[in-house]
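Undergrad: For the protein sequence lines, the chains are Z, U, A and B, in the order given. Okay, so the first sequence: first residue is 2 according to the working numbering, each after it adds one. Okay, so the second sequence: first residue is 2 according to the working numbering, each after it adds one. Okay, so the third sequence: first residue is 2 according to the working numbering, each after it adds one. Okay, so the fourth sequence: first residue is 2 according to the working numbering, each after it adds one.
Think of the hints as simulated: they come from the structure by calculation, not from any bench. Please note: incorrect hints may appear among the correct ones.
Mimicking EDC-like on lysine to aspartate or glutamate, the simulated pairs with C-alpha atoms at most 16 angstroms apart in a straight line are [to be verified]: (1) B:Lys67 - B:Asp104; (2) A:Lys212 - A:Asp182; (3) Z:Lys283 - B:Asp314; (4) B:Lys212 - B:Asp182; (5) Z:Lys157 - Z:Asp104; (6) A:Lys283 - U:Asp182; (7) B:Lys57 - B:Asp104; (8) Z:Lys50 - Z:Asp104; (9) Z:Lys283 - Z:Asp314; (10) U:Lys283 - Z:Glu256; (11) B:Lys57 - B:Asp314; (12) Z:Lys57 - Z:Glu92; (13) A:Lys157 - A:Asp104; (14) A:Lys67 - A:Asp104; (15) Z:Lys157 - U:Glu294; (16) U:Lys50 - U:Asp104; (17) A:Lys64 - A:Glu294; (18) B:Lys283 - Z:Asp182; (19) Z:Lys67 - Z:Glu51; (20) B:Lys283 - B:Asp314; (21) Z:Lys283 - U:Glu294; (22) A:Lys157 - B:Asp147; (23) A:Lys283 - A:Asp314; (24) U:Lys57 - U:Asp314; (25) Z:Lys67 - Z:Asp104; (26) U:Lys283 - A:Asp182; (27) B:Lys283 - A:Asp147; (28) B:Lys157 - A:Glu51; (29) A:Lys283 - B:Asp314; (30) Z:Lys212 - Z:Glu256; (31) B:Lys64 - B:Asp314; (32) B:Lys157 - B:Glu124; (33) U:Lys283 - U:Asp314; (34) U:Lys157 - Z:Glu256.
4 protein chains.
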Amino acid sequence: MLAFFRGFGPKTCRRSAALLWKRTQADSAGQRMDIRGIYPPIATPFTEKEDVDYQKLNDNLQKYAKIPFRGLVVQGSNGEYPYLMAEERVEVVRRVRQALPRDKLVIAGSGCESTMATVQMSEQMAQAGADAVLVVTPCFYRGRMDSRALIHHYTKVADSSPVPVVLYSVPANTGLDLPVDAVVTLSQHPNIVGIKDSGGDITRIALIIHKTSSEDFQVLAGSAGFLLAAYSVGAVGGVCALANVLGQQVCQLEELCLTGQWEAAKALQYRLIEPNIAVTRKFGVAALKQAMEWFGYHGGSCRFPLQPLSEADVRVLRQDFSSNGWL
Amino acid sequence: MLAFFRGFGPKTCRRSAALLWKRTQADSAGQRMDIRGIYPPIATPFTEKEDVDYQKLNDNLQKYAKIPFRGLVVQGSNGEYPYLMAEERVEVVRRVRQALPRDKLVIAGSGCESTMATVQMSEQMAQAGADAVLVVTPCFYRGRMDSRALIHHYTKVADSSPVPVVLYSVPANTGLDLPVDAVVTLSQHPNIVGIKDSGGDITRIALIIHKTSSEDFQVLAGSAGFLLAAYSVGAVGGVCALANVLGQQVCQLEELCLTGQWEAAKALQYRLIEPNIAVTRKFGVAALKQAMEWFGYHGGSCRFPLQPLSEADVRVLRQDFSSNGWL
Amino acid sequence: MLAFFRGFGPKTCRRSAALLWKRTQADSAGQRMDIRGIYPPIATPFTEKEDVDYQKLNDNLQKYAKIPFRGLVVQGSNGEYPYLMAEERVEVVRRVRQALPRDKLVIAGSGCESTMATVQMSEQMAQAGADAVLVVTPCFYRGRMDSRALIHHYTKVADSSPVPVVLYSVPANTGLDLPVDAVVTLSQHPNIVGIKDSGGDITRIALIIHKTSSEDFQVLAGSAGFLLAAYSVGAVGGVCALANVLGQQVCQLEELCLTGQWEAAKALQYRLIEPNIAVTRKFGVAALKQAMEWFGYHGGSCRFPLQPLSEADVRVLRQDFSSNGWL
Amino acid sequence: MLAFFRGFGPKTCRRSAALLWKRTQADSAGQRMDIRGIYPPIATPFTEKEDVDYQKLNDNLQKYAKIPFRGLVVQGSNGEYPYLMAEERVEVVRRVRQALPRDKLVIAGSGCESTMATVQMSEQMAQAGADAVLVVTPCFYRGRMDSRALIHHYTKVADSSPVPVVLYSVPANTGLDLPVDAVVTLSQHPNIVGIKDSGGDITRIALIIHKTSSEDFQVLAGSAGFLLAAYSVGAVGGVCALANVLGQQVCQLEELCLTGQWEAAKALQYRLIEPNIAVTRKFGVAALKQAMEWFGYHGGSCRFPLQPLSEADVRVLRQDFSSNGWL
């Protein structure tokens, strides 16, 4: 059971013994938890009555278990987490942890708008079996979410979280980027192990890696669209919506990058861009779920107000996959 | 108890008898509920431990009761509603309703990201005594929140809400404007009585009033900064953060507008702009709460991650009030 | 010939006697030039070969002369000034001045990206007969166009301009707003008489009027869409694209505002909003020119790369006029 | 003299024989002009009176000639081209062509707002000796600059230009991105050889390369900040402001990328990001010119309204170079 804790560290943190049970399992190397690899940010299937469909979720998990993912992200933006009640959020994580082999990491989205609620949710996620928590930037009062506020927020969460914290910047949804200077400061916290950066600004990603190089801080690309480029500047993995659909292929891209087969990587990367755009910024979660159906997974409908795709959109979506040779 | 339902209407809606109990109290005139007037979107005081401080809230309410407000908005953006747990949101509304004279309206913010949660919260708010609910645009998946999605969302909420619905567009926080065509469509719903528009685009506000003129649809300015201008184009009231601090003055501005004393209105309007900007987009909720302290109300700290103002910011804030003759 | 200089002032400016010839015509009251009233920012007709069509321009001017405009703005954004060569810009102003009765003001757009070129163009415009120059914010290096840069720019231009300067903020085209603090500073310059504000932020407009109230500084609304609201907070006129098409009506709206007939003003204002949006941000200059044709003026094509409207767009444009009773 | 025309193509274009003199020098392979390599977008030195300082320009050129640049870009955004008169723009290109060895390409910025002016300027640039022209997206009427307008614009320019055209997308200055579909369409034009993309969206860059792969279309990174990443996805060079200052180093980064030394490339790339940000989006052209002085080139002041850096900014700028080991 220790195996999946590669690294993860003994730097002194002031927090209660009760919360440290997981920490004690860290290996003796004194490094932070290793989160390298590819993760699909899994979708949440719903029944016709909009309840979470745990059976379908379980079916998907069985299939994902056979793909060389490092683990799963539960309740990233593609998991419709803002549409889940607090209890549902925790229960989904519990079910995923139960269904998944122990050698796969479960990184659970625990971000809420208030620091207090995020602290609490992070503890609940850890108790439900999350190996790490992914904490999105609070954003409703975005005009006030400067570095001071965000450093304070993440520090409080990381101070109390029983499991390591992964920062999460997704400006398309939140309307704000976690500032580089805040990331650099936070990278020094012993319980903050990395960042998922979904903005796609490769200069920023490279700068973060450069400025945190002394900190054993890990950067995950937040999309398959710039995965190769992110590897080229030092990222160590990706949390990619498209991996819900083309999981083997995203893992293959990782492999090509890690083994320096850049020409083959480039050819594969090209073919992933349009499908990736289609299931993210072009058509959103509904498209991701539609494409999952085509590739043998349960997708289904989103909770409202997210709408089903129009037929015209479905045709364009299909074209974005077929013109790149995937359908 | 019927008195505060001025208007409010019998247009046929398909909804369960159980939900209609309040409706039956509507008067016989067949009009929609009248929401004209000035409302402070009240702040939520917290204790040092960040719990809701109901005693301090109550003290504020006693003072607000003496100002000719039409009512209060509970859990607008200034109420830090995204930082309250679901139960807290309902409890605050219950306490406000209990403390407030019956002739004052309580409009309760019931917006959540999902349609399902918003429906549920609206019912709870009604049961807690809200006279109407204020429903902010869902925004996390803002790229998909087009007119189709938003019309669907608000229609579902209005179909089931036991009390009238007020639309709420606040792009500074949500990053999206409720499109004019969606507002026009929604204005035809018998249980949607108006909109709080906080964007400040006066052309848009005038266009909404023009395009909904056949629908008895009421527009409230979402800020004291453009209250006179909004009245000049046909708005019927305002939900103004600044009314938490300078409530008498905002009501006086209303009175001057309603009685056609435009020169005096203009002179007063001018003096409210800088204080208003200071407690909203310049410094946010923390500044509103600071200013409340200066004017005899309980403000106190925000929940984190909202930060206290720096001393330098407090000085600028004070200057924005004093240079306009308020301190 | 002195008549059209209402006001305009003797405050000391350091500039050569040669440039002061116009100044000496200012009346003895020591006030700044009075620019109150309504102005169409005239369109520039072109021949099929994309040359300026001075004959058609002249025809339009004969018609505009019969409308109670205060004057014309030549080479605002609707004049396609960025598409005119420097010589063309000056020649168009010269022709307009020659064709127009002397009691109508000619305000000429003289803004260029560099201070040097703007200074030179302002002098040429004055020599061509402009009564005042309208100076748009330079914007290519918008990231560096802070208050310091803009105050420097406008001060240099105003120091040397033989005729009064009107500031011009049009964020839809330039991507930047002239900051309020810069406007306040610049309002103290004796040769800067006002601002055309096309952004439509009525709070900002009211704040500018409030903060410059000691300076005899005149604010013109940059659009017919918020003309009534602008008057309600103290603006003294408007430069309105729609006045190229519905000139009498825009002047009538002015009259209703000035005489305090707010209800009638409101009814008229409502009917102008959609046509105004159609010829500005919805379809742009090509739509303005199309609508001009419907109302008896020469519009014609734009210079490329501005494209003619599609037939579908023309239908929508027509609807925006007809549904408001203008066609 | 033929040597520097690697490729460059004979596809039929309808244009006058007079303009085709350069074309006839293209080699027989039928390919398009090869523009691979690194280019500094050179700065324009000015005298104290803000005239172009040709002597200082010449001094810089002598130094640049010794660096393995493929050529120079004259009048990119860093050349302050919007601040140069039309005659100055041409004269600067002429002087650069005269001073530069024939084996270095001169790519001249010929973009103007109107199609007509851009056509004319492109011809003048070609006559002044430009090997290719770089055509920025027109942007003043950005709301109307859709794919239809931009395809029309670039097609007209490319149809008539005596030398190949390079597209230029620089959203930080223009507020618009040349849409991918427009780039793909334009890549089929025989006289359009590539694009300088300064937006830094690496997903977009990769997609453009993928979608134009059948067209021998060349993509140049518009900044040193994402040069490595751009190479990793198939770009063939860069137009990098920082190459004005650290030219050898940028060329070294190119070399490391081209020879597959990715680890060394990454280490070098990291050290270039902060200096690059400092001379571009953080402090702009004034900072570029300041840094040029430190590295032995003539920089000097910008034309107004661009302001000199404050002393505090100069200190930060120096720090951005020194902390990365360059000063």
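Undergrad: Confirm or reject each hint.
TA: Against the structure, the hints come out as follows:
Restraint check for B:Lys67 and B:Asp104: satisfied, since their Cα atoms lie roughly 12 angstroms apart, inside the 16 angstroms limit. At roughly 9 angstroms between alpha-carbon atoms, A:Lys212 and A:Asp182 fall within 16 angstroms of each other, so this suggested pair holds. At most 16 angstroms may separate the alpha-carbon atoms for a hinted pair to count; Z:Lys283 and B:Asp314 exceed this at roughly 40 angstroms. For the hint linking B:Lys212 to B:Asp182, the alpha-carbon distance of about 9 angstroms falls within 16 angstroms, and the restraint holds.
Restraint check: the Cα-Cα separation between Z:Lys157 and Z:Asp104 comes to about 29 angstroms, which exceeds 16 angstroms; the hinted pair is violated. For the hint pairing A:Lys283 with U:Asp182, the CA-to-CA distance comes to about 14 angstroms; that is within 16 angstroms, so the pair holds. Note on B:Lys57 and B:Asp104: the hinted pairing is violated, with a Cα-Cα distance of about 22 angstroms set against a maximum of 16 angstroms. For the given pair, Z:Lys50 sits about 34 angstroms from Z:Asp104 by alpha-carbon distance, which is inconsistent with the 16 angstroms threshold.
Distance restraint check for Z:Lys283 and Z:Asp314: the Cα-Cα separation of roughly 10 angstroms lies within the 16 angstroms cut-off, and the hinted pair is therefore satisfied. Our distance criterion of 16 angstroms between C-alpha atoms is broken by U:Lys283 and Z:Glu256, whose separation comes to about 48 angstroms. The suggested pairing of B:Lys57 with B:Asp314 is violated, with an alpha-carbon distance near 25 angstroms, which exceeds 16 angstroms. Of the pairs offered as hints, the one joining Z:Lys57 and Z:Glu92 holds, with about 15 angstroms between alpha carbons and a cut-off of 16 angstroms not exceeded.
Distance check on the hinted pair: A:Lys157 and A:Asp104 sit about 29 angstroms apart at the alpha-carbon level, beyond 16 angstroms; violated. For a cut-off of 16 angstroms, the pair hint linking A:Lys67 to A:Asp104 stands: about 12 angstroms separates their Cα positions. Between Z:Lys157 and U:Glu294, the direct Cα distance comes to roughly 28 angstroms. Violation of the 16 angstroms bound is thereby established for this hinted pair. Pair hint U:Lys50 plus U:Asp104 does not hold up; C-alpha atoms about 34 angstroms apart against a cutoff of 16 angstroms.
Restraint check for A:Lys64 and A:Glu294: the C-alpha separation of about 13 angstroms stays at or below 16 angstroms, so the hint holds. In summary, the hint linking B:Lys283 to Z:Asp182 is supported, as the alpha carbons are separated by about 14 angstroms, within the 16 angstroms threshold. Only pairs whose Cα atoms come within 16 angstroms are accepted, and Z:Lys67 paired with Z:Glu51 is rejected, the gap being roughly 28 angstroms. Between B:Lys283 and B:Asp314 the CA atoms are separated by roughly 10 angstroms; this keeps the pair inside 16 angstroms, and the hint holds.
Proximity of Z:Lys283 to U:Glu294 is assessed by CA-CA distance (about 47 angstroms); at most 16 angstroms being required, the pair is judged violated. Proximity of A:Lys157 to B:Asp147 is assessed by CA-CA distance (about 36 angstroms); at most 16 angstroms being required, the pair is judged violated. Between A:Lys283 and A:Asp314 the CA atoms are separated by roughly 10 angstroms; this keeps the pair inside 16 angstroms, and the hint holds. This hinted pair does not check out: U:Lys57 and U:Asp314 have alpha carbons roughly 25 angstroms apart, beyond 16 angstroms.
For the hint pairing Z:Lys67 with Z:Asp104, the CA-to-CA distance comes to about 12 angstroms; that is within 16 angstroms, so the pair holds. For a cut-off of 16 angstroms, the pair hint linking U:Lys283 to A:Asp182 stands: about 14 angstroms separates their Cα positions. A hinted pair counts as satisfied when its Cα atoms are at most 16 angstroms apart, and B:Lys283 with A:Asp147 qualifies at roughly 13 angstroms. This hinted pair checks out: B:Lys157 and A:Glu51 have alpha carbons roughly 14 angstroms apart, not beyond 16 angstroms.
Between A:Lys283 and B:Asp314 the alpha-carbon distance is near 41 angstroms, which puts this suggested pair outside the 16 angstroms criterion. The straight-line distance between the Cα atoms of Z:Lys212 and Z:Glu256 is roughly 26 angstroms, outside the 16 angstroms bound, and the hint therefore fails. Restraint check for B:Lys64 and B:Asp314: the C-alpha separation of about 27 angstroms exceeds 16 angstroms, so the hint is violated. The suggested pairing of B:Lys157 with B:Glu124 holds, with an alpha-carbon distance near 12 angstroms, which does not exceed 16 angstroms.
Straight-line distance between C-alpha atoms of U:Lys283 and U:Asp314 comes to about 10 angstroms, which keeps the hinted pair within the 16 angstroms bound. Restraint check: the Cα-Cα separation between U:Lys157 and Z:Glu256 comes to about 47 angstroms, which exceeds 16 angstroms; the hinted pair is violated.
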